[in-house]
Structure formats: C-alpha cells, structure tokens
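*Asks:* In case you want the letters, here they are:
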Amino acid sequence: MSDRQNLFTFENEKELDIAWCPGCGNFGILNILKKALEELEEITPNNLVVVSGIGQAAKIPHYFKNNTFNGLHGRALPVAVAIKMANPELFVIAESGDGDMYGEGGNHFIHNIRRNVDITNIVHDNRVYGLTKGQASPTTQKGMVTPVQVNGVISDPFNPIAVAIANGATFVARAFVGDVKGTKEIIKRAIRHKGYALVDIFQPCVTFNRINTYAWFNQHTYKLGDDYDPTDKIKALEIAFQEDKLALGIIYEEDGIPTFEEQLNVYKENKEPLYKRQRDLKELEMFINAMK
Amino acid sequence: MSDRQNLFTFENEKELDIAWCPGCGNFGILNILKKALEELEEITPNNLVVVSGIGQAAKIPHYFKNNTFNGLHGRALPVAVAIKMANPELFVIAESGDGDMYGEGGNHFIHNIRRNVDITNIVHDNRVYGLTKGQASPTTQKGMVTPVQVNGVISDPFNPIAVAIANGATFVARAFVGDVKGTKEIIKRAIRHKGYALVDIFQPCVTFNRINTYAWFNQHTYKLGDDYDPTDKIKALEIAFQEDKLALGIIYEEDGIPTFEEQLNVYKENKEPLYKRQRDLKELEMFINAMK
Amino acid sequence: MNTTLKDEVSIVLAGEAGQGIQTIESLLTYILKRDGYYVFATKEYMSRIRGGSNSTEIRVSSRPVNSFVDRIDILIPLSRNSVTHLGKRVTDKTLIIADNEALKLEMDNLIDVPLLKIANDLGNPIFANIVAVGVVLGLFGIRVKSIEDYLVETFGRKGKEIVEGNILAASKGYQIGKELRDKGQIIIDIEADEDLKEDLLLSGTDSVALGALAGGCDSIFAYPMTPGTGVLTAMANFSKHFDIVVEQAEDEIAAINMALGSWYTGGRAMVTTSDGGFALMEEGVSLAGMIESPVVIHLGQRPAPATGLPTRTAQEALNLVVHAGHGEFPRIVYAPGTFEQAFYLTQKAFNMADKYQVPVFILTDQFFVDSYSNVKKFDLSDIKIEKHFVETDENYKRYDLSKAVKGVSPRGIPNFGKGLVIVDSDEHDEHGHITENLEIRVKMVDKRLKKFEAINDEIISPELVGDENYEYLIVCWGSNYHVVKEAIENIKDKKIAMLHFSQVFPLDKGSVKYLENAKKVIDIENNATGQFARLFKAETGVSIDSKILKYNGMPFSVEELIIKINEKIEGDL
Amino acid sequence: MNTTLKDEVSIVLAGEAGQGIQTIESLLTYILKRDGYYVFATKEYMSRIRGGSNSTEIRVSSRPVNSFVDRIDILIPLSRNSVTHLGKRVTDKTLIIADNEALKLEMDNLIDVPLLKIANDLGNPIFANIVAVGVVLGLFGIRVKSIEDYLVETFGRKGKEIVEGNILAASKGYQIGKELRDKGQIIIDIEADEDLKEDLLLSGTDSVALGALAGGCDSIFAYPMTPGTGVLTAMANFSKHFDIVVEQAEDEIAAINMALGSWYTGGRAMVTTSDGGFALMEEGVSLAGMIESPVVIHLGQRPAPATGLPTRTAQEALNLVVHAGHGEFPRIVYAPGTFEQAFYLTQKAFNMADKYQVPVFILTDQFFVDSYSNVKKFDLSDIKIEKHFVETDENYKRYDLSKAVKGVSPRGIPNFGKGLVIVDSDEHDEHGHITENLEIRVKMVDKRLKKFEAINDEIISPELVGDENYEYLIVCWGSNYHVVKEAIENIKDKKIAMLHFSQVFPLDKGSVKYLENAKKVIDIENNATGQFARLFKAETGVSIDSKILKYNGMPFSVEELIIKINEKIEGDL
Ligand SMILES: Cc1ncc(C[n+]2csc(CCOP(=O)(O)OP(=O)(O)O)c2C)c(N)n1
Ligand SMILES: Cc1ncc(C[n+]2csc(CCOP(=O)(O)OP(=O)(O)O)c2C)c(N)n1
Ligand code: SF4
Ligand code: SF4
Ligand SMILES: [Mg+2]
Ligand SMILES: [Mg+2]
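Protein chains in written order, with this note's numbering: chain G, 29 to 320; chain F, 29 to 320; chain D, 533 to 1105; chain Y, 533 to 1105.
Think about it this way: if two alpha-carbon atoms lie no more than 16 Å apart in a straight line, the pair counts; the simulated EDC-like pairs of lysine to aspartate or glutamate are:
| no. | chain 1 | residue 1 | chain 2 | residue 2 |
| --- | --- | --- | --- | --- |
| 1 | G | Lys310 | D | Asp914 |
| 2 | D | Lys710 | D | Asp721 |
| 3 | Y | Lys772 | F | Glu297 |
| 4 | Y | Lys975 | Y | Asp961 |
| 5 | D | Lys1051 | D | Glu1102 |
| 6 | G | Lys320 | D | Glu726 |
| 7 | F | Lys310 | Y | Asp911 |
| 8 | Y | Lys772 | F | Asp308 |
| 9 | Y | Lys979 | Y | Asp961 |
| 10 | G | Lys212 | G | Glu66 |
| 11 | Y | Lys620 | D | Glu971 |
| 12 | G | Lys320 | D | Asp911 |
Far from chain F, some chain G residues (derived; all Cβ distances over 12 Å):
| no. | residue |
| --- | --- |
| 13 | Asp31 |
| 14 | Arg32 |
| 15 | Thr37 |
| 16 | Glu39 |
| 17 | Asn40 |
| 18 | Asn59 |
| 19 | Lys62 |
| 20 | Gly210 |
| 21 | Trp244 |
| 22 | Lys299 |
| 23 | Gln306 |
| 24 | Glu311 |
| 25 | Ala318 |
It should be emphasised that the hints constitute simulated quantities derived from the structure, not laboratory data.
Cβ coordinates follow ideal geometry from the N, Cα and C atoms, glycine included.
Based on the provided sequences and hints, a complete structural model is requested.
*Replies:* What follows is the structure in structure tokens.
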C-alpha cells in the first residue's frame, strides 16, 4: 500500500497553479478523492479516466494524475459512458459541478441513470454557479438572491438524490466534504459499485454562496447510521425528501443489476477493448459481395 | 353549454388530412381533449395555445381549433412556459410524444417541473418513436426488439410518473386513452390545477409497438379508487413504482403551491400581459441619463 | 393499344403509406437485377406512417441508369389519389395497370387487372401488391422460379402460409402479365446481361454504412432523424455480424459527445443525423476541433429550415457544415455523387479523421440515401484501416509541439503505454492541461490551422465528365452527379461537360482553371440560394452567376434538367 | 525622479482575482469622470475567481479615448506576480506605485507607498486597494469631497463602519498622492472640463442592455456564459425599475426557444450568450427562420474553439452567426464599434426583428462589453418602439401570401383579435398548418427569402473615417473601431482611412467602391483566418489579401497597430 502513497499526485505538485479560491470545498474533495484512489489497489493513473465538464469543480482532473477528458459544459456523462463502452477495462469517473451535471447536463443525467453503465458520477454540489460568478444553480435554495435572481430564486431546488432513486439509479449517495472519512468511504464504495453510482458532495463555495457554508452544512446534515438499510427504495426516498436535516451516506444501493456494457453484444464473448480489435476486411468483402 | 359543442372543431373537419394510422390511439386522445375543452367554460380556441414538438403525437394541434405553436422536436416546454410568462391570461397546453418530452426534451421536463408554471403537459405515451418508424423511446420496455435495438432494449425504461413526483411536480396523472371518461376528467382536472400538471396518457401505436397494444394496456392497468389520497407523496411513489399493474388516475396532487408567474415581479402589481404594456421612453431617458 | 418499350422502362408504383409499396420496390428491384438488368429505384414519400400518397420509380434498363426521370412508362397505382398526386408525370404515353373496380379511374390507357379481387380470393387483400409484382414480372417474362426463390427468402420467416399465399398471388399476377406480353399488348424489349446477376444491389444508405464498416467503424451513436436514420439501422443490422457498439443517444448532443469519448479511447465512432439534428451537434464539432479528435459525421440532408419537409430531399446544409462549430479549426467535407464514392469516401473518412485528428463529414441527402441501384462487386484488397494512435511513454504529451508534423501530434489513448492522455476543451498546453498563457494560445491556434496544409495536399479534385472541349460547364456536387451526367449526355448538339465536386471542403482551388475554359458556367444545386456557388466564390473569388436551383423537396429529373440547361445555354444568364 | 504626464495618463492596476481591482476600477473611473475627465477603462482577467493575475487599464485624458494602449504611465501592482504578468508593457518610463515592503520588487522607478501598512493600521488589509485609489486621486488633486461622496454611495449599504474605514483609507492615500504632486515628483497635467461631468459612464454591456430597454425589450432568457452574462445581469438589475421578465434558462436551447415563445405571444424577448452557448441555439435560430419569428440575440465573442479562453476577447463568431441554423432564411447581424452604436443598434434590432420577423444579432466581444468610457447623454425623442403585431380577424392567416409585403405577412398574436395564430416548424401553408404540398413549399421559401430585399434597403453602410483622399484603406468591424481610428490618427505622414462595418450581414455591396479607390486595402480582425475578409469575398468577389490578425485573446493596442499598419504599408503585402 505504501508504494501507492502519492500515486496520483504530480511530482511538481507545488508548482501547480490551482484556480480555486482559498478555503474552497473543492480542495477537500481533491484530497479525499486522491486518498480514496490510493486505497483502491485496482486503480492506477493509467487505467483511470476522469471526465469533467466546465466550471470550477470541473477543473479537478487537471490537479492530479489521471487520463483526463475535460470536455464541454454539461457533457461529461455522454463522454464518460462512451469511454466505458469502448474500453470496459478502464475506471471511469465523471466529475463536475451541480450546474454542469444537473443543469446543462440534466438530460444526460436522467438517461444515463437508465443505462446503468459502470461509472462513478461525482458532483461537487456547491448550490451555485461558481465559475460564472454566483448565479443560481439547479440546487440553489429558494429565495437566495444572486446577481441574476435579484428578487431571490423562485423555482424549487432540484433534488438529485430523489430523482436519481426514482429514476432507477443503482447507487445513490450524499456526502459532505467536511466529513473526510465518510466521504472517502462513500467514494470508494461508489467506484466499486457495479453500475452507475451517484455521489453528490456538499461543497461550500466560500465566495458566492453565503448561505450554504461549512457551518450550515455541519448544522444541517447528519450521518446515516450503520443500521440504515440502503436497499429499501421507499425508505430511501423518504430520506431524500427530508428538508431540515440532510442525510449523509449511501442512501440507496441495489446490487446485481446488469451493467450496460455487460449487455452489449460486442462484449458478450470477447472482453477486449475496441482499440485492440481488427476488422477482418476479407470477411467484410465477402459480406458485402453477398448483397446481391 | 350546447353552444360550446364542437367549439374546437374545424368547420371543414371532414377535409382534414389527418396523418395518423387508422386505429391509432392518437385519435382517441384528440376526441377526448376536444370534449374536455368543451366542458371547460373558461376556455375558447382564442385563449388557448397548444404547443407541441415533433412526432406523430405532436401533430395534434393541427387537428382542432386553437392557437398553435408546433415547434422543434423536444422543445415544447420552454416555448409553452415562455408563452405563459408573456401572457398569464392564456391557457397553455404543451402536448407531444414520449420521445419528444422525455427523450430529446428531458432537460426541459425536469427543470420546468421545478418552475411550476401553470401549464398542462400532456404526453402521448406510446412507448416508441412513431414518426421515425419504431425505434425505442425512453419508455420502451426492456427487451423490445426494434430496427435499431436489434438485440432488444437494454436500458431501463424511464418512469415519468416517479421522476415527476420525486422532482416536486404538483400534479401527476396517468391515463389510458381506452378509458375515455377517466381520461377526460383527468385532463380537465389537470387544466384547472394551478401549476404544472403532467398527464401521461397510454396511447397504443398500432403500427410500431406490438407489445403495448390496447389489450395489453387494458390488462395491465387499473383505476385508482375514490378512496385513493393523491396528496401522500410516498404512497404516490409506491403506486408509481408498481410494475405488473399500472395505476390510472391522479397519482399525486399538491395544492396551494405558488405558480412561477405569480412570483414574477412583473405580475405582482400589474396583471396585464406584456404585449399590452408600453415602455415609458421619457422615464427611460431619465434613468439612463442618471448613469453618470 | 400496343406498346413496345425498348432498352429501358420506367415503372412507377404509387399508393398510400402502409399499402406495401416498399415491398414491391424491393421485390422488383432484386428480382430484376438478379435477372440481369440494370435497375435504379428512387422513392418519394410523406412524413407519415399511413395514408397520403407515396411513390417509387423503378427504372429497368440495359445500360446503367442512376437518376430520376419524370417519364412514367408503366404506372401501377394502388390508391385513387396517387394518380392525381403524380400530376403531369402521367401522360397519354403512360400505361396504367390498375384494379379499376376498386380505383374507378377514368383514363384511356388503363389495363384493368383485378389485383384486389385476386388477393381477396386468396383470402387477404394484403396480397394485392404481390399480384402487381407478378404482373410486372410477367411482362418481363422472368422465370417463375426466380420469383419463388425470392419470396421464400423474403417471407420465409413469416411462416409457410404467408409464403405460399405470396407465391400464389405472384403467379396469378404473372399469368396476367405474361398474357399481356404474349398478346403483344405490352412488349418490353430490354436486353438482360448474365454478368449483371453478380452485381450488388445497394442503396445510398448501404453504401455509406458499408464504407464505414470498411473504414473500421466500431461504434455508432445517433438519435433517429430522417433521412440519417438509415445508416444507424444498417449499422445495427451489421452489428449482428461485426463488432460494433450501436447506441441510440438521448439526443444529438449526447451522440456527438459519445463519439468523441469513443475516439478518445481508441474506438472509431461515427454519428449520423440530418440538418436539424446536426445543428445541435455544433458545439461538439467545435470540441472535436479543440481537442483535435477524429470523428466522422454522416449528414443526410432534407429541406429546412427547422423541421421543414422531413422526408424530402435538399442540399441545404453546406453552409452549415462548412462553418459548423465556433472557432477556427480544420475539417473535411465529402459529398459523394455515386454509390461507389459513398463507399470509398466514407471508408477514407475514418482514415483521414484519424490521420489529421479532425472531423470529417459525409454529406448526402434523402434522394441519395433512399435510392437503390446496381453496384459492381467490391475488391477491398487496396483498402487499409489506418489506425493512427500510438503507444505512449512516460513523457507523453498529447499536444507535443516538437513532435508535431504539419500540426499533427501523435495521438495516444488511455492505458495503452505508460503515458497519460489529457484533453481539454479549454485552450491547453502541450500536455493538454488548461492554460491561460497567451503565447501558448497562439501556438496552439497555429498548430491546429497548420493541418489545413496537409489536408490540402490530399484534396480530391473534382471530376470532369463529358465533352473535353466543352463550351459549357455545369458545376455540381453531391447527389446531382448522375442526373447532370445523364442530362448532358442527352443534349447532343452542344459541347457540355460536368464538373462534379465530391469533396466540397476544403475546395480544390485549382479547379478554377476548368471554369476559365468555359464560355459559360452553370451551377446546379438543390437549394434556393446557391450555397456551393457562394462557397466557391468565398474560396476562389470566382462567381458562377448562372444557376439552376430546385428547392421543392424533389430531386432534379433528367428531363427538367435538359430543358433548363438548354434554356440557360440559349438565354442570357 | 520627476515625471510630468501631459494631456493623458494611462494607469494600470494589477493584482490577483479577489484583491479588489474591480472596486478600484469603478471608483477611479467614476470619480475622475465626475471631475471632468475623459476616462476609458478596459480589463483583462483570468477564468478564475481568486488568484492568478488580472489587470485594468484606465486612461484619463483631456480628449475622448476609447482604446487599449500598451503604454503604462503609472502602474499600481497589488501582487508581485502582476508585474511579471504585464511583461514588456512595464518600461523604464513606467512609474510604479507599490507597497514594496510587501511586494519586494526590484525596480528603479518605484515609489514605495505603504498601502498595506496603512490598511492594517486601519484594522483591515482589505482597505489597501482604497488607499491606492486615494493615492491616484491625490495625484490628480481631486477634491476630497468627491471621493467621500462616492464612497458613501458605493459602500453605504455595507454599514457605517465600512464607509468610514474606506474614507479614512482613501484620505490617507490621498495625502501621499497629494504630497507627490506637491513636491513635483509626479505632475499630472490634464485639463478637466466641467461639461464632462454630465457625461454618462457606461460599459459596452450597459450600452447593449440600455439599447434593449429602449427597444422595448420586456423579456430576457439566458444561460450564464462569459462574456454574455453581463447583459443578463444588467437586465436583471433594470428589472427592479422596468417591466422585464428575467429568467435563467436550464440551458441555451431552452433560452432561445423561450424567447421565441415570448415573441409569439407579443413579448419582445432577447437572449444573450457567447460563442459556445450560441452553437447550441442554432436549431432555435432555424426555427425563428421557419416560423418567421422576431428574436434578438446578443453574442459576446471570446476565443474558441470549444471552451477556449473564457475571459478573453476575439472576433471568431462571424462565420457562425452568418451561417447559423440549417436552411435558408434572412437574418441581420450588427457589430457595433462604439457604445453609441451598441445602444442605437440594439434598440433598432428589436424594431427590425419585429418589422421583418427575422433574427437580429448584436455581435460584441469581451473587450467591448467589459470596457467603460464617457458617453454623451441620450436624447430618446427620436426613438420609437415599433410594435408590428396586428389585431386579427376571423379569417386571419399567419402566412397570408396575398397580404405579404416583400415577403412579410402581418403578424398576429394569440387572443388579440378573433383569429387563431398558428406557427409550425414544418413547412406550412398560409394558415401555418403543416403541409407537404411542394408548390406551397416553393412559395414559402420564396416568401422568406424575399424579405432580404427589404432588409437590403435598410442596410447600414460602413463608416469612412480618416483621410478622404486616402491611399490606404483599413477595413474593420465591430470593436476595432476606436483602436483603428486612434492608430491611423497617429500615423500622420500617410493618407489612411478606415472603413468600419457596424452591419456585417447583409453586407453593403456598394462598399466595394471604397476599396477600389485605395492603393492598398488592409483587413484588421481579432481572429486567425480573416473571417470578415472571407465573408466580403463571398458576398462581393473582392479579396482583401493584406491582413493584420490577432488571436491571442487580447485586443489590439494602439501602438502595435501603428507598427503593423506601417509595416503593411511599407512591405509588399
Ligand atoms: C455551453 C456553455 N454554456 C455556459 C457556459 C458557461 N459556464 C461555465 S461554468 C458554468 C457554471 C458552473 O457551475 P457549476 O457546474 O455548478 O460549477 P462550479 O463553478 O460551481 O463548480 C457555466 C454556466 C459554458 N462554458 N458552456
Ligand atoms: C432535433 C431533432 N431530432 C430528431 C428528429 C426526428 N424525430 C422526429 S419525431 C421523432 C420521435 C418521435 O417520437 P415521439 O416523440 O414518441 O412521438 P410519436 O411519433 O411516437 O408520437 C424524432 C426522433 C427531429 N425532428 N428533430
Ligand atoms: S468560486 Fe466558489 S466553488 Fe469556485 S473556487 Fe471559489 S469558493 Fe470554490
Ligand atoms: S405510427 Fe403509431 S403513433 Fe404514429 S400514427 Fe401510426 S399508430 Fe399512431
Ligand atoms: Mg456549482
Ligand atoms: Mg412516441
């Protein structure tokens, strides 16, 4: 295990120009994620791909060692699932902000849950658009005043946990970056979960979200106990709907559901990634020339 | 009331070239909708706008009298809510197919539920892409073979009812076109509901969906009884998750939630639609010239 | 009434959607092709599943034919409306074979054949279309065996009863056709050629999809949209025999992003769509430009704007694809004019995309993808699937400037080698990491644009067809190849040539010389503004002011082009 | 070290994101403007919220200045990095005012001012930026009262303590500045003009947003994207005083479709975005083309492809907007060069959109929207908000061909009159109902394109500025207006003029005459391929081969343009 320490850390880490504000919750997530990865022996920077969109959270893959696809705002999921479809041997994490995943990317969010590709979807949920300077995100609380929502937000916040469960996600968890150990364990479990796994992480934005601060999250969250049974869907939804106190932990988990790629014809007999395969042009020629 | 008979029917109805297949469930929906509208005294063709996308279902506004915005595939909802924002006096129905609303339009579906604009969202759910000839839609059952899903659909079907409830919709109903009276009542209630109302209507596609036929729907549905309490969210979700028998009726309803437009600044004091208002250029000139 | 049809016949089958015209089309084309004829079939249909009026034209000939003609030698209408629908194309030279008991047409040259009665006698009105097939084959005097074989192949899966009903229906029709032929009422005198039996019978869709297979395409991501869907369906079918990931995306934005994810991982992905679906992919195209990802995009054009006419044909997306995506980066746009071109250019598209790490477009249209005709057998021995990705070492940098050749840096993929592969939609440094260093920005822009140089070296020049000493030059692109060719072959007294562009971007600027040699240049396109002529002007400064444009959703017919070209030649502009 | 700065001074403030440079910028520009100076402020900043290196240049002058200069007369760095960041712009003529205790810079012409110490003494390091403001105002000898007034206005809401702290900080700095001035160490000798106090101080963003207000804009739908967001924020602020529906859409696709829904209902909606967000709106633009809906689109350009450089400037979206949306339909593209143009053209955009039922674009860029300067007061008495919708009767047909004037049929809206208003993204008949009638198709295409004729009659011709007997003609568009103007004013020994296009589509083809009169024409653009020159060629056939292109994300500076123009004039190309 010791040889895995700092496995995901750049040699020149000190020189990295990290574009986050001092005190931002993103730093915590970065550290926790690296630790979680170090503890998952099956993963190396080489067999790991981190796909992100655009936003402050979305810069995360640039700050540690991995294969990175930092794509368009809102489009991390389609890229991530296609990567897994082309090479199921890779570990794929789709990681971005709440605006990115639930706002611009909302359609991919709901439909990729249905696909159940074996990827991990980590959302830095700071309940605000950070990079574009403080507009409401889908998870912003009602009433919060922003430069655009000058009279306060009037739409109801998006409840990613409830929607994911209702939509059939097989692993749905919520974490708070302030809870280092809990978050690390959740991430590890999510990565090891066979199928799509959502981890929504509360992440204070110290610059633009003056409501949902570290203190606020501390006050408004609690951890699910060991006796909590995450396989009861209705119970999980009840937890998801709680408003005064927000549960942290694996809220819902369903095992044994086949993943998307397992069901794909191309991988039924041959497990090799696509890039290793060759099309047989002789066979193709015969195939074509039979089309008379 | 009798003067309202055929109020929404074209004089030259006989000459209408309706582009649906004989036996298609869309005909039933058209008739039921017209009847429902006739029975809602507050509505006339003139104060009604029907917004649709693209697909077989989406052609419906062309077949009866209304103000029609037949827009792009998947984009009925943004148009519909903006119409209501510009003129809250109008009755606005967004009506389209399952592919249109839940597939291409999925992001608008989840975010407009959060807005709770006072519109009615009717979905012709034939569980297939009709107009493009039989590919799977988000609601297609697992395993169904289509020209594209040659080995059968491998994604889980989208559950619009469960997702809408989990996402905070204030009126969520399911109907089956074979149940004429029930469907009509549901549509009327949906239109009168203050806020966003979803009506997912099972509609057999006799050409491309050989699984979910009239008989199948008859066999696999049941009506919620009078004793059913649609205000219990958890109960509603349990109903929404049922698989062998699918409930028809108003599955969830929540009253007294403010609508989006009620909360908009422009309508707080003045209820007039935007088109009737004039900007005072003198006032504006003073405003600008104060920006020193 | 006696009619002799020599060397070629144009048969049109018409009826409502759902009346089985598509079945007749494939039965007739396959059987006639197998019997040694050149066939060409093109359909026009409405955006609906049942009802309305659709038609298919089948040209059967002793020489290759590949374009649409207005002329109808034999019309088989299955619905009354369809005759009106065809309008002026039905002349007094058109023989109509119809069940007039049912249709009640008042026309002179009508041969009343009880298609429906026979079908009903066989127990099912659905057989009417097969009776019609029998009549036509009887007219041709095809061996009954051919027909039976094919019916067994086609309907075999549906059970013995269906097959036998069909065979009976066909043979009843056959008798009628044969009788007409034997009595000399209709004589079809077209030489068949044994060799043609070996020809393939392909559609434009097939040609593109097979080209993709031959290009090593192993993934297709698409959201259905007419007329782009065919390629998706074809690939889905091929996936039963070849390794292909076929996934219907939740929308077009997902489709293009999935394709980029696949290429990033070493897959060879394509998307297929139509104009409106493509409009949604533009941000994704721009992403391909930025991360220097290969991707192949098939776009079947149809009339726009917006939803337009979903099942009709047009060439209106040229402006769109040439300028698609924000920002400045190279791309290649092929617009095949023949099925062979469609096959080879699509094949090549994958290699070019991979080699230069750019988006490559295959621009077709509804007319092209929905047409069928004879194609010679393929010899793939000269074809290579060029995979350009490399095994990486620890020092790998995705955008290594020192290793870039004409702007192209070696492309690694994750977990193949020791390096990490980093791509970013932001401006990035050589590693692929986000940067705001403005000097690197300039280097990266220059690097991306430099690829144009190499791409320009591989431009496919336009093809000159016709009189080498031409006075008149017709410029066209994409699917107008055959119709222009056939039209100018028919205008015998003028010196005319055609210059056909199967690569429309980047343009071969050297082609200006062809225009300079002409007394008059005429641009022919299926759109209302002359998009290609404008592109040509933007790229070369040379205007083509004389234009023949059609934008009603139908392809040009040979006859109308002959008239219009003659008018242009004789007129002033 | 004694320095006298006559007539004009360029002050640059630099530091990390989060150090309050934006506050200094607005304090200084407002106070100096109010004291009777011409001011111009432009910022460059990174795509991050804290850290990095940003800077703002403030030019203060006795004559109007509106462009970026490399020259820095006075630099106030708040972080050590920012000096390196500014690179060669810091010369031995640059006076640096810095807290060198903190920054430890090794530079000759540095005036060490304990900004931080003073702030700390006042109890909060955050006051350092205000001390710097005080220093500058001291150098100018502004009345202390002006400063106090403004600080009260700005910080009033934050409570008495903050206001007083700020006032103290400013006056401490002021003393230092005044001392430097009094001792003759730095003498700023710029004439102030009482009249300028009445000038407005606006940004490009303000100008567009106020133009929209004056155009009757009553709805804005947008998804945040730099640098388009500013207009959304401005409208949100204005919504406190005027009737405006302001809604942040879930994505850009929703935004444009919402805008179309609003216009359909009689609203006057706009969207605002940037290149990548706009790429997602193209299908919606095509829908506007098809249903003939007005819509106004503000697009603030930034470097692409893909995410590119989010906070930098570029002119890379011209190709995109001119060809945006599949299919063929008219549009209008304005590219204001001055704030006055931005105001009046945006105002006009709403009327033109409504009148011709077409999309109208306002194409700006990051440099333009983020700059501030003096603007003369507005007189709106000549402005009209032209609402072109009509009250309908029972026989109303949305696309009535008999009532169409130059392709424009009267536009009804729902529930205003007795008619029904039907629009369809499919091809449609006069009522707006879906049709597959191919003759109607042609009529509708012709109708839509006919609007170009009327639009062409209202083209805004390019503005010729400079020597009327020019030998050299600089062609430019959009935000390069001022910098080109200032550069050619500075090249005194040559006969140069500028031809600036504030309408880039449709193009005024008559403008070719200006080019014909020049010995040499030079195209100046902020992109790498010369998109405007190519457009000009596509529209007129005339090439502009000599180009000065910049695409590192920064605007042109006056100095670099002077050099480059001279090079072009002297060189061969
Ligand atoms: C298509 C597109 N639209 C808009 C943007 C602008 N944009 C960049 S980041 C962002 C929101 C970021 O919010 P979130 O995803 O919550 O990330 P955070 O910065 O809060 O971590 C937006 C709207 C973009 N880059 N691309
Ligand atoms: C952007 C875009 N993508 C794809 C299409 C093609 N298209 C038309 S209808 C349709 C699906 C229709 O399915 P559904 O909404 O379920 O309606 P149905 O025909 O079943 O009533 C599709 C994919 C389109 N018109 N526009
Ligand atoms: S803006 Fe907010 S989310 Fe972004 S880095 Fe700063 S604190 Fe973190
Ligand atoms: S294809 Fe299906 S949904 Fe469409 S009209 Fe026919 S039966 Fe109805
Ligand atoms: Mg966020
Ligand atoms: Mg459907």
